[in-house]
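Student: Chains Y and A: place on chain V using the hints.
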Amino acid sequence: MNITRRLLGKVALGLAGATMLMQFPALAADKPAPFDKPGVKIALVRYLSTGDFFQAYLSGVEAQSKALGIDLRVLDSRQDAALQSDMVDQAIALGVQGIIIQHGLTESMKDAAQRAVDAGIKVVAFDVNVENPKIPQVEQSDRDLARLALEQAVKDNGDSWKAGYVYVAGIAPLDRRNETWVDVKKKYAGISEVAMFGTLDNPIANSVANQARSVLSAHPDIKVMFAPYDEFAKGVKIAVDEAGLNKGIKIYSADISTSDIAAMREPDSAWAATAATNPAVVGQVSVRALAQLLAGEDPGHNVVVPPTLITQKDLIDKDIKNMEDLSAKLPQFAHADVAMPAWMPNPNAK
Amino acid sequence: MVGNAVFRAEGLRKSFGQNEVLGGVSLELHAGEVTVLMGANGAGKSTLVKIISGVYERGDGTMGLAGQAFAPNTPAEAIRAGVVTVHQNINDGVVADLDVATNLTLDRLSGSGAPFLFNPARVRRQAKAVADRMGLAIDLKARVSDLSLADRQMVAIARALAHQPKVLILDEPTSSLSSAEADRLFALIDRLREQGVAILYISHRMSDIRRLADRIVSMRDGIISGVFDKKPLDYEGAVNAMLGRKIHLDQIVVRDSADIVLKIDGLRIAQGAKPISLTLGDGEVVAITGLVGVGKTALAETLFGVRKPVAGTMVLNGKPYAPGSTGEAIAAGVFLVAKDRGENGIVGGFNIQENISLPFHKRMSRFAVLRRRLERITARQQIEELGIVCRSEKDEMSALSGGNQQKVMVARWMAQDAGLFILDEPFQGVDISARRDIAAKLRASANGRATLLFVTELDEALETADRILVMSEQTIVGEHRNADVDLDRLLAEVAGGPLHSAA
Amino acid sequence: MTLRDHAIRYGFIVLLFGLVAYFAIAADGFVSPQSAVFIFQSVAITGVLALGVTATLVVGGFDLSIGSVATSAMMAAAYVMVVLEQNALVAVVVCLLIGAIVGLINGWLIVYMRVPDLLATLGMMFLLVGLQRIPTEGRSIATGMTMPDGSVANGKFSDAFLALGRHRFDFFIPNLIPVSVVVLLVLAVLIWFFLEYTRFGRMMYAVGSNERAAELAGAPVKAYKIWAYVISGVFASISGILLAARLGRGDIASGNNLLLDAVAAALIGYAVLGAAKPNAFGTAVGALFVGILLQGLTMMNAPYYTQDFVKGVVLVVALVFTFALSGRGRR
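Just so you know, the protein sequences line up as chains V, Y and A, in that order.
In this text, residue positions in the first sequence follow numbering that gives the first Met the number 0: the first is 0, and each later residue adds one.
In this text, residue positions in the second sequence follow numbering that gives the first Met the number 0: the first is 0, and each later residue adds one.
In this text, residue positions in the third sequence follow numbering that gives the first Met the number 0: the first is 0, and each later residue adds one.
Isolated chain V (complex conformation):
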């Protein structure tokens, strides 16, 4: 778990900053209790916090909390599983009404989550399975991420091509993305994977670039590179550029960041499309799902935040240069219509 989120998605700082600065209208009076008055206390109990993804996630949580007039406490265990479990108890002692558990280990968090539920506190969990029917699971859909990217690949290149695939087994989100790749290969007999490679040696992009160089010289007939993680895609792009093959190969990936946008926008860039979920949106959805529970509504057990497809064409046509532009000009990226009952304030609304 530890590695996975750090790996995934270096995303959406611009969005985070922008949303934080926004002014929100005074609270409407027509919200259900307890949100009819400001000052509802919730806690965010984090397992992972360093890295772009987690910064952006936090900013989303903060933005939605502010829009709801929530008093947010952030408890950060910095990858200490035992401490995270203790922090849930700490939150209970603080008298919060709701808790968001962000990542962690099932083994250490399952009991802690149950204690919170027993104390009458509403709980949602993001990206950690606490095996509790009363706790909604907020997740981003890795399968959808891979599916969107691959559908675009088929759309761009037809259904018969030779592919290079970047994959490291044993990393949960990559494994889920891999399932989709396996399905797609089954569905289109014309798609053949001639090379599979990948490494997590850091800096990852550099190591993957070295591998991709070798793969490209062994298999000059590769038309499509599927690199379902932006660090992989970055490495593949470096290799493709270095080999001077950028006009003959297209790269499809997952996740997005400002530097990824710059890489995709380069003239004749091989990086054709990526699919991404906005971590700030995931943060917002986490708070909204919790708010629904507190208001006595049911957000459903699985709250899935849908990804957005971002193509090179989008970026160029709409002149998107960074994550702020992306949120501003690609509304589906800035906001997900998930856990949005009519009374729910939208922190992204202008």
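Because the hints were derived from the structure by calculation, they are not lab data.
It cannot be assumed that every hint is accurate.
[Claimed, not checked] Think about it this way: if two alpha-carbon atoms lie no more than 30 Å apart in a straight line, the pair counts; the simulated BS3-like pairs of lysine-lysine are:
hint : chain 1 : residue 1 : chain 2 : residue 2
1    : V       : Lys317    : A       : Lys155
2    : Y       : Lys165    : Y       : Lys229
3    : Y       : Lys273    : Y       : Lys318
4    : V       : Lys184    : V       : Lys154
5    : Y       : Lys440    : Y       : Lys393
6    : V       : Lys185    : V       : Lys246
7    : Y       : Lys307    : A       : Lys221
8    : Y       : Lys307    : Y       : Lys273
9    : A       : Lys155    : V       : Lys246
10   : Y       : Lys393    : A       : Lys221
11   : V       : Lys246    : V       : Lys222
12   : Y       : Lys361    : Y       : Lys262
13   : V       : Lys30     : V       : Lys40
14   : V       : Lys320    : A       : Lys155
15   : A       : Lys276    : Y       : Lys393
16   : Y       : Lys361    : A       : Lys276
17   : Y       : Lys361    : A       : Lys221
18   : Y       : Lys318    : A       : Lys221
19   : V       : Lys186    : V       : Lys161
20   : A       : Lys155    : V       : Lys328
21   : V       : Lys40     : V       : Lys109
22   : V       : Lys185    : V       : Lys222
23   : V       : Lys246    : V       : Lys320
24   : V       : Lys154    : V       : Lys246
25   : V       : Lys312    : A       : Lys155
26   : V       : Lys36     : V       : Lys133
[Unchecked claim] Output of the computed footprint for chain V on chain A, the stretches with three or more beta carbons under 8 Å from beta carbons of chain V:
hint : region
27   : 18-29
28   : 32-43
29   : 140-152
30   : 238-246
31   : 289-302
Please read these numbers as outputs of a predicted model, since none were measured by experiment.
From the three backbone atoms N, C-alpha and C, an ideal C-beta is built for every residue, glycine too.
Tutor: Chains Y and A in isolation, oriented as in the chain V frame:
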């Protein structure tokens, strides 16, 4: 007073390769008696001790202990038979991180009879018994690492005595003790003597020897060169037997020098040491002799800028000389062939040529790039000059014999002209022919510089020097022109006692 | 020379050629000028690091901080250009300064504070991994990023800087040799010449083999040791510059993999030509060896963990060559 010998060795021999270290040594130790073993470095003392204590296998000869044959194959066997050795390095005898009680009983913690569980109460009980028997007043709970050196030494000896030995061997036990600390040790040794332990005491320190010895055995070149047991003991005779007198005075044509190269005035090399004043002249070879530990190396290092003097001035060729580093000393023309070449001289990763050029890289390079041709020519020249036996200048140092290694060390510094050439124990671990070669070379090339040798062995001084200075307790106590040396006076000065005391 | 001597001396080179021959047969497209250049390019970054660490190995030390010096330099280059909006020259100078300063501090800790080399540089490694994240609060640096204070960084990697990673020189075939390969080759020749032919290099070996003897031969041993760490730091920062130029952004990373690969290359270098000591030529061959191995294995679709395994095997074999067979390892 003298009973039958508890320990007896007959005709012990030992060789390492072709090098015979012990050439038939016979030795007796008596109960309730301290036998002092004297010998210069390389005389074979430590080899003898290691054979008795079971570290080395003996080459030839027999040993007996209390009337029975004694042939230990391991140190443990020797200890079990009743021969216990406390080695020179105190920290070898104790485990610094454990407390005193555990140290005293350490040997009972292992071995076949040892109990599986560590029982602190029993350990302390046993330790107390050991400490009481020796009159040891040390907190048994203290960690050894917190103790003074003397206390550690006591613990090491007490630990050895926990075996109730018949023979106790002490190898230079006072070498790192202060005199007050040494007094405590002597009191302990007196006590053991009364208890009937036969003690073999190895030391260079005349004060120790005068205080303790019932008998003195001198060793030289792998044989016993003298046994002294008539009271009063003939200390000078013992020193004489140890240092030897096989002198070939006719080989030396003594030179006197008028031109002063180095003048030392009031130099004190350690706190509390008496000042040293001396002059060295051009073309002169001067040897400073004295027993181990009298400050010879300290003086050499002071001259070479390794350590700073406490007080005093030096003038080199008319200019004030106070080197702040070895580099400055070399730049001023002062070279040192350090003692213990393995430790201080040989660069193991380098071949002969690279070892020779080491101090003079700057002079052998152009724009910082080493001139390898010049390096090679120099090395070949030095190999030729000193008669270094090797296949080529590219040979590894490890392929050379000790004597040839030492020649390389000397050659390293003779490749350039020195103002003052210092050699500290240059004949250590060197066979006789290499020693003659080096000495001859030193004398032949002596003009144009002052040459200063530090040697423990008197022979080496007499064979090589024009003048001999005697050092004792960190100062110069005597001076002799090497023409008709008053050996009695010289030996008395070396032994550190009043003149002709025993005669 | 006996057969055994020959085996020790040329064994590793023979192994290298054997490997090339095997891949030439087994992997299509392995033998081509481009492929050769790929290999050099892929080892350029770790190779430069390895050459630097060789300098510290020569004086009997070790530098664990090189990986994090490289990534810190990469972050610094990105910060200077993207946030401070300075040009390529400033970025390069800042990186080199960082390397030199870290080297000085390492040397000072080891020589004057008497901290054992492994511990001092381990501490420095952690320090740098943390330090490189402080200015951006743990974010990677890219054009358009939002700074902790909410402002947007609008500088960009200058073309001149990116050229360090992307420009190619013509060499018989147009656009063949990348700048990083040229940098690697130049630095390799420089450090090789420095260590083998100058009096400074010779004395560094003496310090590494017998410090006391070197001091008694008049060498300022402390200064030599500190210089070795400065060399190592500066080389590491050069490798960081190449990394930044290749990636085109400042990526937070510990650089531990860079460190391990570099150290492996330097240690493999011990075995080359039976040197049994750290040496620049061996290090370069060691880096190349690893590069060829990884290129070949990747071309044959071997997954990443088998590559680590093979790397480990090569290292162990090299160490056996050095220490057991030659019998010169005991110093």
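Student: Look at each hint and say if it fits the structure.
Tutor: These are the hints, each one checked on the structure:
no.	hint	result
1	Lys317(V) - Lys155(A)	21 Å, holds
2	Lys165(Y) - Lys229(Y)	24 Å, holds
3	Lys273(Y) - Lys318(Y)	24 Å, holds
4	Lys184(V) - Lys154(V)	15 Å, holds
5	Lys440(Y) - Lys393(Y)	23 Å, holds
6	Lys185(V) - Lys246(V)	27 Å, holds
7	Lys307(Y) - Lys221(A)	18 Å, holds
8	Lys307(Y) - Lys273(Y)	16 Å, holds
9	Lys155(A) - Lys246(V)	24 Å, holds
10	Lys393(Y) - Lys221(A)	29 Å, holds
11	Lys246(V) - Lys222(V)	10 Å, holds
12	Lys361(Y) - Lys262(Y)	28 Å, holds
13	Lys30(V) - Lys40(V)	16 Å, holds
14	Lys320(V) - Lys155(A)	12 Å, holds
15	Lys276(A) - Lys393(Y)	17 Å, holds
16	Lys361(Y) - Lys276(A)	24 Å, holds
17	Lys361(Y) - Lys221(A)	18 Å, holds
18	Lys318(Y) - Lys221(A)	28 Å, holds
19	Lys186(V) - Lys161(V)	15 Å, holds
20	Lys155(A) - Lys328(V)	23 Å, holds
21	Lys40(V) - Lys109(V)	22 Å, holds
22	Lys185(V) - Lys222(V)	18 Å, holds
23	Lys246(V) - Lys320(V)	22 Å, holds
24	Lys154(V) - Lys246(V)	17 Å, holds
25	Lys312(V) - Lys155(A)	22 Å, holds
26	Lys36(V) - Lys133(V)	25 Å, holds
27	18-29	holds (count 4)
28	32-43	holds (count 5)
29	140-152	holds (count 7)
30	238-246	holds (count 3)
31	289-302	holds (count 8)
Violation of the numbered hints given earlier is absent; every hint is satisfied by the structure.
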